[in-house]
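Please work from the sequences and hints to get the whole structure.
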Amino acid sequence: MKQQRKVALPRYGEYNCALKYIVEQGFEAQCVLPPPLSRRTEDLGARNSPDLVCTPFKTTLGSMIEALEAGADTIIMVHGACRLNYFGELQEQILRDLGYSFEFINLSLYNTGKMRDLLKALKVINPRCSMVKAARALYDAAQMVEHLDDTTSFYYENCGFDPSGTYSKIYRNFIADMYDARNLSEIREAYRSANRAFADVKLEKPRDPIRIGIIGDYYTVMDPFSNLELEQKLADMGVEVHRLMNITNDMLRNSEKNKQASVRAFTEYSMGASSTTDIWQAQNFAERAFDGLIQVKSAFCMPETDIMPVLANLSRDYKIPVLYLTYDSQTSDVGLMTRLEAFYDMVDMRKKVAR
Amino acid sequence: MSTQNAFLGIDVGSISTKAVIIDGNNTILAQEYIWTEGNPIGAVKKLLGLLEKQFDRKAWQITGVGATGSARRLVGAIVGATVVKNEITAHAVGTTTFHPEVRTILEIGGQDSKIILVENGIAVDYAMNTLCAAGTGAFLSSQARRLGIEVEDMGGYALQSTHPTLIAARCTVFAESDLVHKIQMGHPREDIIAGVCRAVASNYINNVGKGKRICSPVVFQGGVSKNVGVVRAFEDLLGCPVVVDENGHLMGAMGAAILAKRGLKRTVFDFSVENMEFVTRERNCGGCSNNCEVICVYRNGSLIDFWGNRCERGAVR
Chain A
1 MKQQRKVALP RYGEYNCALK YIVEQGFEAQ CVLPPPLSRR TEDLGARNSP DLVCTPFKTT
61 LGSMIEALEA GADTIIMVHG ACRLNYFGEL QEQILRDLGY SFEFINLSLY NTGKMRDLLK
121 ALKVINPRCS MVKAARALYD AAQMVEHLDD TTSFYYENCG FDPSGTYSKI YRNFIADMYD
181 ARNLSEIREA YRSANRAFAD VKLEKPRDPI RIGIIGDYYT VMDPFSNLEL EQKLADMGVE
241 VHRLMNITND MLRNSEKNKQ ASVRAFTEYS MGASSTTDIW QAQNFAERAF DGLIQVKSAF
301 CMPETDIMPV LANLSRDYKI PVLYLTYDSQ TSDVGLMTRL EAFYDMVDMR KKVAR
Chain B
1 MSTQNAFLGI DVGSISTKAV IIDGNNTILA QEYIWTEGNP IGAVKKLLGL LEKQFDRKAW
61 QITGVGATGS ARRLVGAIVG ATVVKNEITA HAVGTTTFHP EVRTILEIGG QDSKIILVEN
121 GIAVDYAMNT LCAAGTGAFL SSQARRLGIE VEDMGGYALQ STHPTLIAAR CTVFAESDLV
181 HKIQMGHPRE DIIAGVCRAV ASNYINNVGK GKRICSPVVF QGGVSKNVGV VRAFEDLLGC
241 PVVVDENGHL MGAMGAAILA KRGLKRTVFD FSVENMEFVT RERNCGGCSN NCEVICVYRN
301 GSLIDFWGNR CERGAVR
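Residue numbers (our numbering), protein chains in the order written: chain A, 1 to 355; chain B, 1 to 317.
Do not take every clue at face value.
[To be verified] List of simulated lysine-lysine pairs, DSS-like, C-alpha gap at most 30 Å: (1) K352(A) <-> K210(B); (2) K210(B) <-> K259(A); (3) K133(A) <-> K114(A); (4) K205(A) <-> K261(B); (5) K114(A) <-> K259(A); (6) K205(A) <-> K352(A).
[Stated by the list, open to error] Distance ranges between label pairs, derived from CB positions: (7) Y298(B) <-> D306(A): 48 to 54 Å; (8) K210(B) <-> E103(A): 27 to 33 Å; (9) G286(B) <-> S130(A): 42 to 48 Å.
[Stated by the list, open to error] Taking beta-carbon pairs under 8 Å as the criterion, some of the chain B residues facing chain A (in silico): (10) N86; (11) I88; (12) I122; (13) A123; (14) V124; (15) D125; (16) Y126; (17) M128; (18) N129; (19) R213; (20) P217; (21) C288; (22) S289; (23) N291.
Keep in mind that the hints were calculated from the coordinates and are not lab data. Just so you know, these numbers come straight off a predicted model, no measurement behind them. Ideal Cβ placement from N, Cα and C applies to all residues, glycine included.
Encoded structure:
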């Protein structure tokens with residue numbers, strides 16, 4: 001009998017749990033989890049990448065190398081609406097030049113948005129597997145992602161007001177449960193039990209807490225390692241941290257079909273990738289009278305750079321301060337802390353005067 | 001006669017180290033400004049020695065200490081600061097205290113530059129240079145050295161110029177090659193210097209100040225504000241007067257002292273740190289592949305503080 005494939009996706013926040021579920025429950029193959037992102041991952045990626053490519057390219061390439069070292073023989077790369085679409089092709093070539101042999105599944109070749117084509121792409125993992133079963137696993141994994149995003153949002157909106165540290169434990173346990181889940185009922189049960197546990201913790205939240213909305217490029221804003229744990233750092237200052245940008249809101253529940261029309265006051269045309277979504281989210285936060293906005297972007301990210309003047313207009317019209325953060329392969333978060341502390345102080349003083 | 005409360009503020013930047021002692025009414029009792037010279041601990045000790053001489057310890061007692069600047073954490077640990085605050089907030093607090101009507105604070109230091117917008121005495125927006133230190137004090141210093149003059153004299157030369165040379169301002173490296181080229185072409189020195197000052201101001205407006213509405217009154221501070229050439233360039237570019245406080249270089253330290261005064265924590269500071277031995281050591285945690293660099297600070301051989309670890313595993317005991 002042919003050996004099971006060992007499949008890996010570069011680390012992307014905690015979304016690797018969903019791939020693990022699809023590979024193991026849907027395709028009856030093995031999933032290799034690359035080691036958590038670290039400075040080594042960044043070094044490996046930076047050493048083998050073009051110099052001026054954006055940081056997510058380097059980080060995902062580094063994570064692919066670490067996955068191959070950990071025994072993976074099949075690498076999956078996702079697609080997107082910017083040069084991310086070409087990442088897979090280039091990364092595959094770089095890895096082959098480095099001498100690795102592996103199967104590469106480049107989802108941007110099947111970028112139609114149809115379930116049928118996604119299944120066709122993934123079939124390489126195990127051609128003899130039942131497509132009905134695989135389709136069901138995809139459906140379950142989508143629910144897992146929704147539960148993961150819901151829990152993550154709830155966590156960062158509230159964990160800053162839990163001095164006991166219980167929130168953090170519950171969240172970590174929940175993430176571990178997602179990686180261990182083998183069927184839909186286990187996913188749902190873990191979600192419910194995390195919610196029950198959260199409800200039991202007494203929060204010390206003021207009536208009108210400081211609320212900060214975070215927007216940014218698709219990878220850096222969602223991956224805590226890449227943004228130097230921005231959300232946790234802000235929450236620890238006693239802030240309600242909101243982030244609408246996640247896979248659930250952007251792909252699974254993308255009900256806002258007319259984002260471009262809703263932001264017409266600020267921009268007529270889309271600037272590609274996450275630009276329209278970001279502006280829409282910024283406007284949404286501003287209309288809900290948030291205290292501040294933070295834009296997170298990787299250095300050399302074109303769409304995010306392009307929307308900065310739009311955000312400046314939005315900031316002026318809604319009188320909401322915006323902090324622009326640019327991330328490169330930094331090893332120190334001292335500069336980030338200075339900017340965050342200053343932003344917090346400013347927002348806090350504004351709020352006290354407004355009251 | 002009983003002693004009155006006084007407050008010490010220390011601002012340790014990349015290039016210079018500043019300190020003030022103020023009384024309850026924000027009057028300066030002692031002040032000093034020296035170069036950091038890559039040795040923040042040594043600079044602070046030297047600074048405290050200089051302050052002690054200016055200061056009447058029979059009449060005043062320091063009961064609050066604020067630390068700011070890029071070495072605030074280290075210096076805060078050493079002097080036992082009651083408040084450790086980032087330099088942006090410290091500058092905003094200091095400036096709005098002395099210039100309550102200010103709307104825009106321009107600030108250019110040795111390695112960084114920032115803009116703070118103020119409405120009704122409250123900072124409402126700010127920006128700080130990211131990833132690149134083009135057009136800051138370090139650039140002016142190196143160009144002064146190239147031209148064979150002291151950086152302090154640059155402003156005077158710049159004001160003599162009637163036709164400032166155009167110099168590319170976007171990037172320090174390009175600006176420097178542009179400058180060399182213009183020197184070799186035979187442009188007069190004062191025109192070159194005026195061009196450099198103009199380049200600093202326009203780079204600031206196009207970079208840090210991009211998208212910000214700069215309203216008058218404008219206060220300019222940080223070490224570079226001592227350069228009258230840059231002040232003039234800002235006035236030309238912005239079309240409004242630019243105020244430079246005579247204590248502008250001390251605003252961060254003033255802000256830190258005021259924050260220490262406002263804070264609730266009190267401690268008696270007695271200058272004894274001057275005679276203590278401080279050592280910092282870097283150790284690599286090695287607990288995981290992040291390999292965090294943990295900085296440990298020792299006072300007379302015993303650990304007083306550490307930072308840099310991302311998780312509990314890196315804690316030093």
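Unsatisfied constraints (hint numbers, rising):
Checked against the structure, the hints that fail are numbers 8, 18, 20, while the rest are satisfied.
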